[in-house]
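Each protein sequence line maps, in turn, to chains A and B.
When we follow my numbering, the leftmost residue of the first sequence carries the number 151, and every step to the right adds one.
When we follow my numbering, the leftmost residue of the second sequence carries the number 1496, and every step to the right adds one.
Keep in mind that the hints were calculated from the coordinates and are not lab data.
Check the hints yourself; a few may be wrong.
Claimed, not checked - Here chain A is said to cover these stretches of chain B; the calculated rule only asks that three of the stretch's residues, wherever they fall, bring their Cβ under 8 Å from a Cβ of chain A:
| no. | stretch |
| --- | --- |
| 1 | 1538-1548 |
| 2 | 1601-1610 |
What the hints assert, rightly or not - Here are a few chain B residues that sit away from chain A, every Cβ distance over 12 Å (derived from the structure):
| no. | residue |
| --- | --- |
| 3 | E1509 |
| 4 | E1513 |
| 5 | S1522 |
| 6 | P1556 |
| 7 | P1565 |
| 8 | S1568 |
| 9 | T1571 |
This structure is a prediction, so every number in the text was calculated from the model and none was measured.
Built from N, CA and C at the ideal position, the CB exists for glycine as well.
One letter stands for each residue in the lines below.
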Amino acid sequence: GNSVTQMEGPVTLSEEAFLTINCTYTATGYPSLFWYVQYPGEGLQLLLKATKADDKGSNKGFEATYRKETTSFHLEKGSVQVSDSAVYFCALAGNTGKLIFGQGTTLQVKP
Amino acid sequence: DAGVIQSPRHEVTEMGQEVTLRCKPISGHDYLFWYRQTMMRGLELLIYFNNNVPIDDSGMPEDRFSAKMPNASFSTLKIQPSEPRDSAVYFCASSPHGGDGNTIYFGEGSWLTVV
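I would like the entire structure built from these sequences, with the hints used as guidance.
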């Protein structure tokens, strides 16, 4: 079945450091891929998405490229801020309407 | 747009009591999802509806859990009787055309504690 695997956290970085959170997936067919972010005490918000191979999703300085050959969708940001501290979830959706999440990666950014 | 609205935001209840969580999806969205989030198991899809019809309830943990969607603007998730291991954050989410390529919008969650 479909599944998503993320790197384990927490990831602790200093402000302005480069961020990478790895995400790989297993799926049949051609799923859409998503990154969601959850700030403390809140629900999940869509950060970015890509619907086909080689697409790049981007938002708020974050980027991720849909790599079919490596079945990956790694999240990157060139310079993180304290306000980026949150839990990040990689997810995929196939044609059934179900969204499958990874286990989440906690990011802590220190000033 | 008001977003997905969930109630209650927080509930503390005693073991054995019935718990009802409520959700109002975004108007016009065809899909509604119930997720549960815990530290141990992460985010789990419990059930989802398309046009008010349950499509996949394979994630519902046991018979103590039930979900209904009597109309396009309202859904409930009921736990009866509740147990301490049901303590979690329960999220409702909706989507205009399902997850594939379309954004799923989450509510702020119902934080349930069963003591």
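Each hint tested on the structure:
Residues of the stretch 1538-1548 of chain B with a Cβ under 8 Å from some Cβ of chain A number 4, which satisfies the need for three, so the listed coverage holds. Counting residues of the stretch 1601-1610 of chain B whose CB lies closer than 8 Å to any CB of chain A gives 4, so the stated coverage by that chain holds, three being the minimum. No Cβ of chain A comes within 12 Å of the Cβ of E1509(B); the nearest lies about 24 Å off, and the non-interface call holds. At roughly 24 Å, the least C-beta separation between E1513(B) and chain A is larger than 12 Å, which holds for a residue marked as non-interface.
With a closest Cβ-Cβ approach of about 18 Å to chain A, S1522(B) is found to remain outside the 12 Å limit, as its non-interface label requires. At roughly 17 Å, the least C-beta separation between P1556(B) and chain A is larger than 12 Å, which holds for a residue marked as non-interface. Listed as a non-interface residue, P1565(B) keeps its Cβ farther than 12 Å from every Cβ of chain A; the least gap is roughly 20 Å. Separation of S1568(B) from chain A is adequate, the least Cβ-Cβ distance of about 19 Å exceeding the 12 Å criterion.
Once the 12 Å rule is applied to beta carbons, T1571(B) is consistent with being away from chain A; the minimum gap is 18 Å.
Checked against the numbered hints given earlier, this structure breaks none of them.
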